[in-house]
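There are 2 protein chains.
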Amino acid sequence: MAENFRYQQLTQQLQQLLAQGHWQPAERLPSVRALCKQYQLSLATVQHALHQLEALGLVEARARSGYYVRQPLSAVATTKPESAPASPAPVTVPELFVDIMNRSAAFDIQPKGPVVNLPHLTLLHRLLSRTLRQHGSRYALHYDEPTGLPALREQLSLHYRHYGLALKEDQFCITAGCQHALFLALQAVCQPGDIVAVEHPAFYGVLQLLQQLQLQVLEIPTQQDGLDTAALQQALSRWQVKACVVTPAYATPTGACMSPAKQQHLLALAAQYDLAVIEDDIYGDLGFYQRPSPLKSLDTEQRVILCSSFSKALSRDLRIGWIAAGRWHDKVARLKLVSQLAGSQSVQQALALFLAQGHYKRHLQHYRNQLQHQRDQLLNALQLYWPEARYTVPQGGLALWLELPGKPNCTEAYTHCLQQGIVLTPGELFSSSGQFQHFLRLSFTNPMVGSRLTALQTLARLLRNKH
Amino acid sequence: MAENFRYQQLTQQLQQLLAQGHWQPAERLPSVRALCKQYQLSLATVQHALHQLEALGLVEARARSGYYVRQPLSAVATTKPESAPASPAPVTVPELFVDIMNRSAAFDIQPKGPVVNLPHLTLLHRLLSRTLRQHGSRYALHYDEPTGLPALREQLSLHYRHYGLALKEDQFCITAGCQHALFLALQAVCQPGDIVAVEHPAFYGVLQLLQQLQLQVLEIPTQQDGLDTAALQQALSRWQVKACVVTPAYATPTGACMSPAKQQHLLALAAQYDLAVIEDDIYGDLGFYQRPSPLKSLDTEQRVILCSSFSKALSRDLRIGWIAAGRWHDKVARLKLVSQLAGSQSVQQALALFLAQGHYKRHLQHYRNQLQHQRDQLLNALQLYWPEARYTVPQGGLALWLELPGKPNCTEAYTHCLQQGIVLTPGELFSSSGQFQHFLRLSFTNPMVGSRLTALQTLARLLRNKH
Numbered sequence: 001m002a003e004n005f006r007y008q009q010l011t012q013q014l015q016q017l018l019a020q021g022h023w024q025p026a027e028r029l030p031s032v033r034a035l036c037k038q039y040q041l042s043l044a045t046v047q048h049a050l051h052q053l054e055a056l057g058l059v060e061a062r063a064r065s066g067y068y069v070r071q072p073l074s075a076v077a078t079t080k081p082e083s084a085p086a087s088p089a090p091v092t093v094p095e096l097f098v099d100i101m102n103r104s105a106a107f108d109i110q111p112k113g114p115v116v117n118l119p120h121l122t123l124l125h126r127l128l129s130r131t132l133r134q135h136g137s138r139y140a141l142h143y144d145e146p147t148g149l150p151a152l153r154e155q156l157s158l159h160y161r162h163y164g165l166a167l168k169e170d171q172f173c174i175t176a177g178c179q180h181a182l183f184l185a186l187q188a189v190c191q192p193g194d195i196v197a198v199e200h201p202a203f204y205g206v207l208q209l210l211q212q213l214q215l216q217v218l219e220i221p222t223q224q225d226g227l228d229t230a231a232l233q234q235a236l237s238r239w240q241v242k243a244c245v246v247t248p249a250y251a252t253p254t255g256a257c258m259s260p261a262k263q264q265h266l267l268a269l270a271a272q273y274d275l276a277v278i279e280d281d282i283y284g285d286l287g288f289y290q291r292p293s294p295l296k297s298l299d300t301e302q303r304v305i306l307c308s309s310f311s312k313a314l315s316r317d318l319r320i321g322w323i324a325a326g327r328w329h330d331k332v333a334r335l336k337l338v339s340q341l342a343g344s345q346s347v348q349q350a351l352a353l354f355l356a357q358g359h360y361k362r363h364l365q366h367y368r369n370q371l372q373h374q375r376d377q378l379l380n381a382l383q384l385y386w387p388e389a390r391y392t393v394p395q396g397g398l399a400l401w402l403e404l405p406g407k408p409n410c411t412e413a414y415t416h417c418l419q420q421g422i423v424l425t426p427g428e429l430f431s432s433s434g435q436f437q438h439f440l441r442l443s444f445t446n447p448m449v450g451s452r453l454t455a456l457q458t459l460a461r462l463l464r465n466k467h
Numbered sequence: 001m002a003e004n005f006r007y008q009q010l011t012q013q014l015q016q017l018l019a020q021g022h023w024q025p026a027e028r029l030p031s032v033r034a035l036c037k038q039y040q041l042s043l044a045t046v047q048h049a050l051h052q053l054e055a056l057g058l059v060e061a062r063a064r065s066g067y068y069v070r071q072p073l074s075a076v077a078t079t080k081p082e083s084a085p086a087s088p089a090p091v092t093v094p095e096l097f098v099d100i101m102n103r104s105a106a107f108d109i110q111p112k113g114p115v116v117n118l119p120h121l122t123l124l125h126r127l128l129s130r131t132l133r134q135h136g137s138r139y140a141l142h143y144d145e146p147t148g149l150p151a152l153r154e155q156l157s158l159h160y161r162h163y164g165l166a167l168k169e170d171q172f173c174i175t176a177g178c179q180h181a182l183f184l185a186l187q188a189v190c191q192p193g194d195i196v197a198v199e200h201p202a203f204y205g206v207l208q209l210l211q212q213l214q215l216q217v218l219e220i221p222t223q224q225d226g227l228d229t230a231a232l233q234q235a236l237s238r239w240q241v242k243a244c245v246v247t248p249a250y251a252t253p254t255g256a257c258m259s260p261a262k263q264q265h266l267l268a269l270a271a272q273y274d275l276a277v278i279e280d281d282i283y284g285d286l287g288f289y290q291r292p293s294p295l296k297s298l299d300t301e302q303r304v305i306l307c308s309s310f311s312k313a314l315s316r317d318l319r320i321g322w323i324a325a326g327r328w329h330d331k332v333a334r335l336k337l338v339s340q341l342a343g344s345q346s347v348q349q350a351l352a353l354f355l356a357q358g359h360y361k362r363h364l365q366h367y368r369n370q371l372q373h374q375r376d377q378l379l380n381a382l383q384l385y386w387p388e389a390r391y392t393v394p395q396g397g398l399a400l401w402l403e404l405p406g407k408p409n410c411t412e413a414y415t416h417c418l419q420q421g422i423v424l425t426p427g428e429l430f431s432s433s434g435q436f437q438h439f440l441r442l443s444f445t446n447p448m449v450g451s452r453l454t455a456l457q458t459l460a461r462l463l464r465n466k467h
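Sequences listed follow chains Z and G, in order.
Numbering follows the UniProt record's numbering, with no gaps: position 372 of the first sequence is 372.
Numbering follows the UniProt record's numbering, with no gaps: position 467 of the second sequence is 467.
These are calculated hints, taken from the structure and not from any lab test.
Some hints could be false.
Which copy is meant is left open, so a pair is good if it fits within one copy or across any two.
[What the hints assert, rightly or not] Below, computed lysine-lysine pairings styled on DSS-like, alpha-carbon distance capped at 30 Å: (1) Lys407 x Lys331; (2) Lys168 x Lys331; (3) Lys407 x Lys242; (4) Lys37 x Lys407; (5) Lys168 x Lys37; (6) Lys331 x Lys37; (7) Lys168 x Lys407; (8) Lys407 x Lys361; (9) Lys112 x Lys331; (10) Lys242 x Lys361; (11) Lys37 x Lys242; (12) Lys242 x Lys331; (13) Lys112 x Lys168; (14) Lys112 x Lys242; (15) Lys361 x Lys168; (16) Lys37 x Lys361; (17) Lys112 x Lys37.
What you are looking at is a predicted structure, and each value in this text was computed from that prediction instead of being measured.
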């Protein structure tokens, strides 16, 4: 048991160092002997940990030479500056999107596969049932305030304070989820025809919104450390951009995080070019090793609009998100009121209790470990069934980004896979440019075991035969 | 007991005949003797019933002459054709609106007053708790279909079938309430600058939406039997109108219902002028004597967009509404997906069970009686405390429309009343024209007893002193 614990601990430590870039890709790790000495561990323990890292695809053993940092798929490799669209354009999104949403909006390759056990839900649902018993009659007859239940906004304020972001409860507005928050943000800031800069690859929900609101998209290359702010700067000098949408923490699909230097640069550019910065923080609470401070914590000009929700960290069934819209707060609150009227007070109250009683914090500790474990299951499966693929190794969030050799067209494979009961999320959804056709996003929201593991194996085989 | 039952039954019968226009305003009712003979009841029973109708303000006794139908406030008296704005204009809504919403979006004069007992809620909440226990884990990880849970859409289809509207489950899209449905409808049909015809007076939520979506409003006079379609015809021949928003059943604020003839005329005009007709059916289930067929049941061209929700009939806390958008169905579903992503599956599932098990139907039977009782409480209170005011006597819905003699400015009185803990709903909210300043909407959602009754008395006194 002790040995078991020690090798797991070492695996964790080395994994964290790798994540932090302590060693460069292709760099040789310290020798087994050196690691034994450094960590005061036995040869067997160190070797066990290194085998584990190898199984995760994080390092590779070279005969008679040692362990080398495996070159993960970085956004650099996939999105060279020249590959991003050079000028703003109206958005077109494949019709496929609606079909996928109809089947499984969680983008799970096997929507009927085993479901992760979420013990915190029992507790949350108990709080909800109690709230309904206690306040149901009054809530049934009165709508909440336009900005949402004060008790919940207070808890959000306290939550963010732990991570370096000081906002008062009246700076938040509760929404019906993060997508709704993004919608309100874009609607408040932009007029039809305006140009909005996004990451490349970007979250498909944002691209859909731009299309709906008749906005033009400008896709800015994104690397492992986030949006290429130098490329953004070039674009800003050339085009009149109204807003920039970024996901600084564990962006979907790549899982990339934005470096502090780039965050500072982005805000300086925003000030210079009078830009609204829309921050999608939905994965912020799902970092395995840390909870990054939101970009908004650096915002001295009230021009960062923070958008998030409980959908990813807690439950997609709650339909509760929030927006801290800075200088656009009043406009956003009015928009929400007019387009939606109200939110569920009982759900907000139950969530406020769940946070106030410390359950959310405890849940996150547990859930982050679970997600990391599921990511490792996925990495193991990929090493085993899809060794020729390249993929990012996210340090948080819910998905990784996979590049397929031989460049099969994943969009075309979608229907064929569906006949096998497999829902794939084609890379093409993440750009308006038609690029990323040989990319996939793979989710580790659910355990990669049982029928889901079989589905992955089948998927690898199907796509291998495609080229 | 038997006597008690008989006079109540007669009161009901006479009330229904009055509502159906069996006698004209100012017409003399049959004599007490004639009524005794007709209904085979004792003198005491008939007199008891007539006193009851008098207390409700529905008839008035004239000495030595008998009982006369009291002239209720009809929309005719308040909205003469010439009083409605003559040409389309951008909407301006008083800022006051947001302030009211912040205090009590249910527009209750005494938001902290006694709350009506809603026994059905216990049952609904139990179904919800059970659903969460059974399906919570899966719902937490997957979003629902873009158009909402099939089981609920199926129940809606069955529900409307009882009232002459045959729609399949796939013709509905679940929304986050009726306001959200109206938002989706207008967004799907109109472009900024388009002209939308509305009732005069209109639901403030629609006016807010038009302002938000930068649409122009054209207010069409409305009488006791609904929108003046002759006036609409004149307007259509002059202006290019894109859509018309109507509430054919128990419209807020007047409680008016649209006559079948006017409904047919409206649809003929819609066909001739290629109009979208947006039907707000939110009060349809709350008719005291009948459940009117929705306007959409006459729609042969898929140009009526039915919008409704469970907020008024069941609970404002559910945030579940629906839209049946006819030819705009796909567009609306896409819009919902992009702006909101999903709805709560557990709440939808609990509602589907609530309807399927017959609880909704039973609840409505009970709730309609309760609302009628509360309306009568309000009418009694008005007779007592505000005899000089004129008001509509709605046969369903949740509110009546009150005209004040001496024309005090209710909008100006708002703040003063608030200091007394009274929230009034000024008539000015129901038009973009600045008219209806000496009107109020009064809700009978809650019992007019205790502190709410005192508030009404105070309100009458305050406004009496205003002129």
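*Any hints this thing doesn't respect? Which numbers, in order?*
The structure conflicts with hints 1, 3, 4, 5, 6, 7, 8, 10, 11, 14, 16, 17, although it agrees with all the remaining ones.
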